[in-house]
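All chains, full assembly: derive it from the sequences and hints.
There are 4 protein chains.
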Amino acid sequence: MSLLHEIRQTVADLHAELPRNDLVVWTAGNVSARVPGEDLLVIKPSGISYDEISAENMVVTDLDGNLVEGSHKPSSDTAAHAYVYKHMPHVNGVVHTHSTYATAWAARGEPIPCVLTMIADEFGGEIPVGPFALIGDDSIGRGIVETLQSHRSPAVLMRNHGVFTIGKSAKDAVKAAVMCEDVARTVHIARQIGVPIPIEQADIDSLYARYQNVYGQEPVA
Amino acid sequence: MSLLHEIRQTVADLHAELPRNDLVVWTAGNVSARVPGEDLLVIKPSGISYDEISAENMVVTDLDGNLVEGSHKPSSDTAAHAYVYKHMPHVNGVVHTHSTYATAWAARGEPIPCVLTMIADEFGGEIPVGPFALIGDDSIGRGIVETLQSHRSPAVLMRNHGVFTIGKSAKDAVKAAVMCEDVARTVHIARQIGVPIPIEQADIDSLYARYQNVYGQEPVA
Amino acid sequence: MSLLHEIRQTVADLHAELPRNDLVVWTAGNVSARVPGEDLLVIKPSGISYDEISAENMVVTDLDGNLVEGSHKPSSDTAAHAYVYKHMPHVNGVVHTHSTYATAWAARGEPIPCVLTMIADEFGGEIPVGPFALIGDDSIGRGIVETLQSHRSPAVLMRNHGVFTIGKSAKDAVKAAVMCEDVARTVHIARQIGVPIPIEQADIDSLYARYQNVYGQEPVA
Amino acid sequence: MSLLHEIRQTVADLHAELPRNDLVVWTAGNVSARVPGEDLLVIKPSGISYDEISAENMVVTDLDGNLVEGSHKPSSDTAAHAYVYKHMPHVNGVVHTHSTYATAWAARGEPIPCVLTMIADEFGGEIPVGPFALIGDDSIGRGIVETLQSHRSPAVLMRNHGVFTIGKSAKDAVKAAVMCEDVARTVHIARQIGVPIPIEQADIDSLYARYQNVYGQEPVA
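Protein chains in written order, with our numbering: chain W, 11 to 231; chain E, 11 to 231; chain H, 11 to 231; chain Z, 11 to 231.
Note that these hints are calculated values from the structure, not bench results.
Hints are not guaranteed to be accurate.
Copies of the same chain look alike in the list, so a pair counts if it fits in one copy or across any two.
[Stated by the list, open to error] Below, a list of computed lysine to any residue pairs in the SDA-like style, where the Cα atoms sit at most 20 Å apart: (1) K83 x D131; (2) K83 x Q222; (3) K181 x Y60; (4) K181 x A65; (5) K83 x D147.
Encoded structure:
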């Protein structure tokens, strides 16, 4: 059960990145991680403030969102996270925020165009929009999965709602959430007083291929 | 008198949320709480900086805004808070800010439309505008109460002035003030370069009903 | 000489409010105070970072801007501060910043209209624009004084440059700088997607009269 | 080897200014310094977070970007930094960021016009745009050098990408990056609701000459 504790700690720690990067207000955002080799995930409880988060109060659910371990009710977004893990086996981390600029694009139902090398690097093209979906059944999860499966982007703007990001790890999903808000803000500002210059598809492909393969340090063994 | 001290402490502590959430500059915002079972409220003194606030220097007034306990002059907004408690018996907390984006909507006299699921959840529809009112008599208080009584929203944008929010507790009123500024900002940004997509009334109703009944943890006994 | 040390300490401490309220970057802003009863002022040295500021490294100059005491060169804005003290005997504090939103109005040479009760309270009407003026002689100081003498406002937007504020104390001048940026931001945002509603002159007069006489605590004896 | 350690420490310390001044998110920005008298530079490793930076993990490369000392892979921007040092002998510091407002101008391929005295002081005229360039060969470095050689500005906006700044020291380059973002933001905001007033060339020349020669303290011996 030591691996599970480590994942609880990681998920608890990663929540600190959300307020630190101005991605959330009050309790409105969450990070989850898959428990490798088991049909389980670790996620934030509902309505708990970021100051109160600890490894101990993180909750464990199955991939239908049912509580397996923990004394608090899971986040009300758990069903969406669970659906993603169930249908995207390569995904080990999911993040949900209502970060301001990304959510503003989502309110208009407008994808973020690929006009920055940083977007090409990290998202491999535009950041797409998913459907409007009510909470309560699997329609949010389905909207996320169907949209991301047809794009390179690890981020999707859910219409009138907010952002979901995925990653090979929970940290990668957090990174995608941070970068998504950053480029949403920069492209918004560029658009306010003019028209950003598009990047050609061949250049996008070249930037994406390089960044996915070359950037950063080798993982520590 | 121990309950009163506890309320003083709560009100003092909640003031820290105002600068922390970028809702105020200098001394321009205040939180109050009703003293349950008595016609009294606890509020910040006038012109005191957020660093100087303590349970000890909070002041107690009656529901006409007359000083009952405390060595400082009450906030100049006390009459408005008092009017709300007098006329809305289910309200136990009131917050007033001049938070930037909400006040910008107020300067135009324009309600914030319900184009985000977060607005439907928390406000149940648009965030309404109250009348222009001078300080000095009960016209601000009356404007708040009359506007809020015809809306689900716990927040009202007072024209050319700022925001008042109410709650079942002072903490709930602070939460409404934080969420009001957050959605005011996001919808403003969405509007800057296009038109946000409206959410249908049936979906707003469904989101509001669910959020008010399901979200968060059960109150601790 | 103990009073002078106290003023050095006050001026040093007030500089911390500039970065704290996001009014400055790097070393680009300064606070000064008149030494009562003497033709002297205390100001920040040139090019010193906000982390390095202490009572000890504040400098003292006469009202022509000549160094009287201190081992550093005075701020390059000293001549403008000195001119204000020389020609406005009721002013005991001056602040200069390039705060973002106020400077944006200054770049367009456009006064900030009085469309918020907070502007009526604190500035008594619009925040005016002063002339374009080169540094090096008394033209900046003259522009500040001539503009402020015909307005109630303690703040002036110097064209293409930045903001100067005055006060009965250095703290009051800092407060005016904080409020000026706050209302510059709010009115800018209100204007981005519509037209703010003006406040009638009689209401402005009434708000200003009340705020100048009633707000805040009595000065401590 | 003590001088080299000192430079490692300086470069490590200056990285803290990037998040502190809101110029970067995640790991997306870097500072380098030339090692005086040797064809070497010190730079941040690739993909390391700002919290993890220390004098010890800074890396040393030659002026072709080849690793000379250090256990981590150099920043993927090292080739661009190295090219600048090789072709601009008076440059001893280089900074790269994707700071929001400057990058928004870069996304439109639009120089920042000289409409603030601060721009005249620090940049001596407009902040120019460099070409779109893919990472991987010397085209970014070449674009930086060719653009800066025909301008007074120590900052260049690389199209669809971000900002590079240079300085006589690494600290000067950081200062230029901070000021570049600050003026990019202010001029953007000025432009949102009107047209900033240009400054005449003779005034720009006069401001630039004075600032470069008079501002700040004499260097400490």
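20 Å Cα cut-off: does K83 pair with D131 within a copy, between copies, both or neither? between (38 Å within a copy, 18 Å between copies)
20 Å Cα threshold - placement of D147 relative to K83: Answer is within: at 17 Å inside a copy they meet the 20 Å cutoff, but 46 Å across does not.
If the cutoff is 20 Å on CA atoms, where do K181 and A65 land: within, between, both or neither? Let me know, please. So K181 and A65 pass the 20 Å test inside one copy only (16 Å; across, 25 Å).
Homomeric proximity label, K83 with Q222: Cα distance no greater than 20 Å: Close across copies (15 Å), not inside one copy (37 Å); limit 20 Å.
Same-copy or cross-copy closeness of K181 to Y60 [CA-CA at most 20 Å]: For K181 and Y60, the Cα distance is within 20 Å both inside one copy (17 Å) and across copies (15 Å).
Checked against the numbered hints above, the structure violates none of them.
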